[in-house]
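**Student:** Residue-level listing of the chains:
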Amino acid sequence: MFYFIYKRLIQSVFVMLAVAFLAFSLFRFVGDPITQMTGVETSVVDQERLREELGLNDPFISQFGRFTVDMLQGDFGYSFRTRQPVAEMIASRIPATLELGVVALLISLVVGIPAGVYTALRPRGVITQTILITTLIGISIPTFVIGIMLIFLFGVQLGWLPTFGRGETVNIGFWESSFFSIDGWRALILPAVTLGVYQLTLTMRLVRAQMMDVMRSDYIRFATARGVPMRQLYFRHALANTMVPVITIIGLQFGGVIAFSIVTESVFQWPGMGLLFLESIRFVDIPVMGVYLVVIAFFFVVVNLLVDLLYVAIDPRLRV
Amino acid sequence: MKKRSLRHSALLSSVLVSLAAGVSATGASAETFRWASNTDPQTMDPHAVNSAPVLSFLNNVYEGLVRRGEAMAIEPSLATSWEPLVGQNGWRFHLRENVTFQNGAAFTAEDVLFSYQRASSEAADVRSWFAPVADVTVVDDYTIDFVTTAPNPLFPDSIANFMILDKGWAEKNNAVLPASDAENFATMNVNGTGPFVLSSRDPGVKTVLKPYSGWWDTATHNVTEAVFTPIGNPATGIAALLSGEIDFIQPIPLQDAKQVESRKGFKILEGEETRVIMFGFGHEHEKLLYSSDVKDANPFKDPRVRLAASHAINMASIDRVLFRGKIEAASQLVPAGISGYSEKNAARHEYDPKRAKELLAEAGYPNGFSFGLKCTNDRYINDEALCRAAASMLSAVGLKAKLSTGPVRDYWTQLRADDFDMYLLGWSPGTFDMEHPIRFLLHSQDDAKKLGSWNFGNYSNARVDELLPLIQQEINPTNRQNLIDEVVSITQKDAAYIPLYTQPLIWATKENVDMTQRADNFFLLRWVTVN
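Protein sequence lines, in the order shown, are assigned to chains A and B.
As numbered in the working numbering, residues 3 to 322 make up the first sequence, in order.
As numbered in the working numbering, residues 6 to 536 make up the second sequence, in order.
Check the hints yourself; a few may be wrong.
[Said to hold, decoys possible] Residues on chain A that point at chain B, a partial pick, calculated with CB under 10 Å:
id: 1; residue: Ala22
id: 2; residue: Gln38
id: 3; residue: Arg51
id: 4; residue: Tyr80
id: 5; residue: Gln86
id: 6; residue: Pro87
id: 7; residue: Arg95
id: 8; residue: Leu111
id: 9; residue: Thr165
id: 10; residue: Gly167
id: 11; residue: Leu277
id: 12; residue: Leu280
id: 13; residue: Phe285
[As the list claims (entries may be wrong)] In the DMTMM-like style, the derived pairs of lysine to aspartate or glutamate whose C-alpha atoms are separated by at most 25 Å in a straight line are:
id: 14; chain 1: B; residue 1: Lys454; chain 2: A; residue 2: Glu54
id: 15; chain 1: B; residue 1: Lys455; chain 2: A; residue 2: Glu55
id: 16; chain 1: B; residue 1: Lys263; chain 2: B; residue 2: Glu389
id: 17; chain 1: B; residue 1: Lys211; chain 2: A; residue 2: Glu90
id: 18; chain 1: B; residue 1: Lys407; chain 2: B; residue 2: Glu389
id: 19; chain 1: B; residue 1: Lys211; chain 2: A; residue 2: Glu50
id: 20; chain 1: B; residue 1: Lys272; chain 2: B; residue 2: Glu516
id: 21; chain 1: B; residue 1: Lys455; chain 2: A; residue 2: Asp34
id: 22; chain 1: B; residue 1: Lys454; chain 2: A; residue 2: Asp48
id: 23; chain 1: B; residue 1: Lys454; chain 2: A; residue 2: Glu90
id: 24; chain 1: B; residue 1: Lys269; chain 2: B; residue 2: Asp519
Because the hints were derived from the structure by calculation, they are not lab data.
Small disclaimer: the values here were computed from a predicted structure and weren't measured.
Note that CB positions come from ideal geometry on N, CA and C, so glycine has one too.
Input sequences plus hints: build the corresponding full structure.
**Tutor:** Next comes the structure, spelled out in structure tokens:
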């Protein structure tokens with residue numbers, strides 16, 4: 003077991019290196035940081051001096067090498083735009099993104115799994131059809147459109163929920179949390195729903211398909227014949243057996259939710275890592291972009307690892 | 006069974022929603038003023054970055070020797086008066102007494118000298134303001150001399166954003182120089198003499214200002230707390246305003262102005278920015294880069310071809326279709342009202358496609374030619390749409406423009422690498438004087454003298470180059486205007502650039518807020534009244 007985890011962590015280092023390499027080879031096409039950092043009146047000579055100081059004239063390989071060596075030593079560098087330490091900037095934005103991602107995931111599970119079970123058990127019901135069609139619409143509309151529609155409905159027209167930001171946050175050590183105030187929760191609802199819609203639809207459809215499959219299997223028929231109570235049958239026997247593929251997909255998707263919360267964060271001005279990344283692209287803030295991509299790669303690796311470990315917990319057959 | 010559990014959760018969510026609605030009814034306290042803009046000031050250091058979001062924001066906290074009033078004219082601030090030095094070039098500033106910094110330290114000439122040294126150091130991006138300065142000497146506690154290398158009548162105007170730091174505070178906190186690689190104390194903390202102090206700052210998220218009770222000037226605003234949030238997405242910003250979560254946003258997209266105006270309780274502030282949008286040419290290029298028919302020459306070297314391009318553009322229809330009648334056509338590189346604006350050359354090349362075709366024929370291109378037009382798509386209002394419209398107008402007379410647009414973040418690099426035949430540029434005169442675009446856009450490129458640094462196509466005219474220093478040094482306003490008129494006349498005849506229009510400026514606020522919209526897009530809290 004420990005060997006397994008150890009092996010995965012070693013692999014993750016290579017994944018992150020590869021991501022950093024790809025990222026760095028693309029940065030040259032993003033734009034010129036110097037013209038973003040300086041005012042219009044700054045002379046060409048001063049611009050060149052700054053470019054030299056920041057090492058932007060060095061060949062790609064040595065820039066990448068410097069970045070990697072510094073990273074390995076725990077030095078994440080300083081932002082071109084704000085001059086703040088990149089590690090601090092990203093760390094301060096992690097709680098916002100994680101909380102948003104987790105709540106979006108919970109929404110998708112709490113709604114998606116029961117809805118999946120229901121639509122599997124009553125495949126031809128009116129409610130089932132309604133659910134299927136609505137979620138199909140939900141999944142077909144781009145995230146930012148859903149976000150803006152929700153903002154205009156619940157924020158502007160009805161005035162129920164805030165349209166942007168995190169609301170009131172409470173600091174628990176370094177962790178800035180929205181979970182401990184009503185204001186924080188209110189601010190979370192719309193972005194979390196926006197981010198969770200896709201995930202919800204996916205979960206529901208997956209559970210539905212798996213469930214319909216399982217319900218046709220022999221052991222369910224035998225259980226039915228034996229007179230196992232319906233509730234126990236559905237949830238303990240059928241649902242439990244649908245969970246392995248569902249967890250795989252949801253787990254992998256969670257990495258995606260964290261990584262691609264960029265759109266949602268931008269629409270709701272949600273101060274997470276995604277928003278920071280977008281700002282960094284706008285200002286060609288190479289150090290922040292580089293570290294962000296590496297951190298996201300790390301998230302993916304960790305999530306995959308957790309998914310693998312969860313398998314073992316859920317499916318006793320894998321423990322052998 | 007299952008049905009009931011579903012109904013339960015539906016009930017629960019409706020309770021949650023109504024709970025949320027109940028909470029929102031008790032809104033925020035009234036005296037707090039909340040505003041948003043699309044860019045967060047990247048630092049709190051007034052000398053580190055020469056960018057409008059930073060300088061606009063810090064003008065609430067720090068002050069200069071002079072400041073700009075509501076109509077952009079300079080007026081006394083930390084200096085009460087100034088006059089040209091006698092016997093040498095430069096200016097003497099008489100400083101205001103009994104001014105204290107927000108930490109309680111007294112303001113003296115030493116602070117001005119220190120701020121000059123700091124702002125003109127290599128680590129400071131604003132150092133270009135001090136290029137004409139030879140020396141600064143403290144005469145006494147409340148008198149300071151700025152000696153310039155040549156007569157410089159515009160110097161006081163050019164340092165309106167030069168903000169004064171407390172020497173003792175900067176020294177104590179190791180912020181003697183602006184941060185060049187890592188941040189320093191002044192990146193996140195302030196100590197100015199201005200009307201507001203920084204109460205908290207979370208970069209990119211929220212910045213809170215509170216009035217400074219010890220401000221030397223009489224406060225005419227009634228803001229007790231001001232909360233700034235950057236909102237990058239324009240739709241989100243409009244939603245935040247319309248839902249009442251913010252009181253004011255700058256700027257808003259042109260197409261949203263109507264929507265905001267039509268709602269009860271909101272209003273639009275409309276004005277002209279000082280930024281003139283124009284087309285430039287690759288004057289010194291030997292050949293066109295993007296042409297499919299003329300490969301061995303650069304027709305834009307011929308002023309007749311440039312004039313033809315100018316006559317091909319129908320500003321009235323651009324205004325009507327793209328800008329809803331909100332723009333002012335431009336005849337020169339600054340808008341009317343800016344000092345040095347040439348009244349004598351106020352007529353722009355009129356829209357005359359026939360004349361354009363004649364000019365092209367005279368220049369030897371009766372059937373026109375194709376070329377590349379470079380434009381940004383995220384820098385100026387409607388920039389991409391503007392270029393599309395212009396490209397089709399140019400094509401109509403035979404100037405077949407192949408348009409390519411891209412984000413601004415690598416646009417300047419391409420222009421600096423001479424990768425264009427014709428390009429779009431917007432220019433706002435930092436000193437609010439015509440000398441500024443002459444220095445940056447019309448003078449020949451000269452890196453050593455720091456001239457013509459944004460003259461990407463390297464328009465070069467010996468007479469213009471000769472006139473610039475004369476304009477910079479001329480004290481007599483009439484003579485100076487004559488010199489400027491000559492430059493404008495030359496460059497207009499030459500069609501060095503095609504000035505198009507002055508960019509509109511649109512802000513949106515709640516109805517009950519009064520404020521001043523300054524033409525440089527700076528927003529100052531000291532002019533805000535919440536009724």
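**Student:** If a hint holds in the structure, say so; if it doesn't, say that too.
**Tutor:** Now for the hints, and whether the structure bears them out:
1. Ala22: violated, 21 Å
2. Gln38: holds, 6 Å
3. Arg51: This hint holds: Arg51(A) lies near chain B, its Cβ roughly 7 Å from the closest one there, short of 10 Å.
4. Tyr80: holds, 5 Å
5. Gln86: Status holds, d = 5 Å.
6. Pro87: Status holds, d = 7 Å.
7. Arg95: Holds, because the Cβ-Cβ distance from Arg95(A) to chain B comes to roughly 8 Å (cut-off 10 Å).
8. Leu111: violated, 13 Å
9. Thr165: holds, 4 Å
10. Gly167: holds, 6 Å
11. Leu277: This hint holds: Leu277(A) lies near chain B, its Cβ roughly 7 Å from the closest one there, short of 10 Å.
12. Leu280: Holds, about 7 Å.
13. Phe285: holds, 7 Å
14. Lys454(B) x Glu54(A): holds, 20 Å
15. Lys455(B) x Glu55(A): Holds - the C-alpha atoms of Glu55(A) and Lys455(B) are around 20 Å apart, at most 25 Å.
16. Lys263(B) x Glu389(B): Answer holds: Lys263(B) to Glu389(B) is near 21 Å, not above 25 Å.
17. Lys211(B) x Glu90(A): holds, 17 Å
18. Lys407(B) x Glu389(B): holds, 13 Å
19. Lys211(B) x Glu50(A): violated, 33 Å
20. Lys272(B) x Glu516(B): holds, 5 Å
21. Lys455(B) x Asp34(A): holds, 20 Å
22. Lys454(B) x Asp48(A): With a Cα-Cα distance of about 12 Å, the restraint between Lys454(B) and Asp48(A) holds, given a limit of 25 Å.
23. Lys454(B) x Glu90(A): violated, 40 Å
24. Lys269(B) x Asp519(B): Holds: Lys269(B) and Asp519(B) sit about 16 Å apart, inside 25 Å.
Hint compliance for this structure: hints 1, 8, 19 and 23 are broken, all remaining hints hold.
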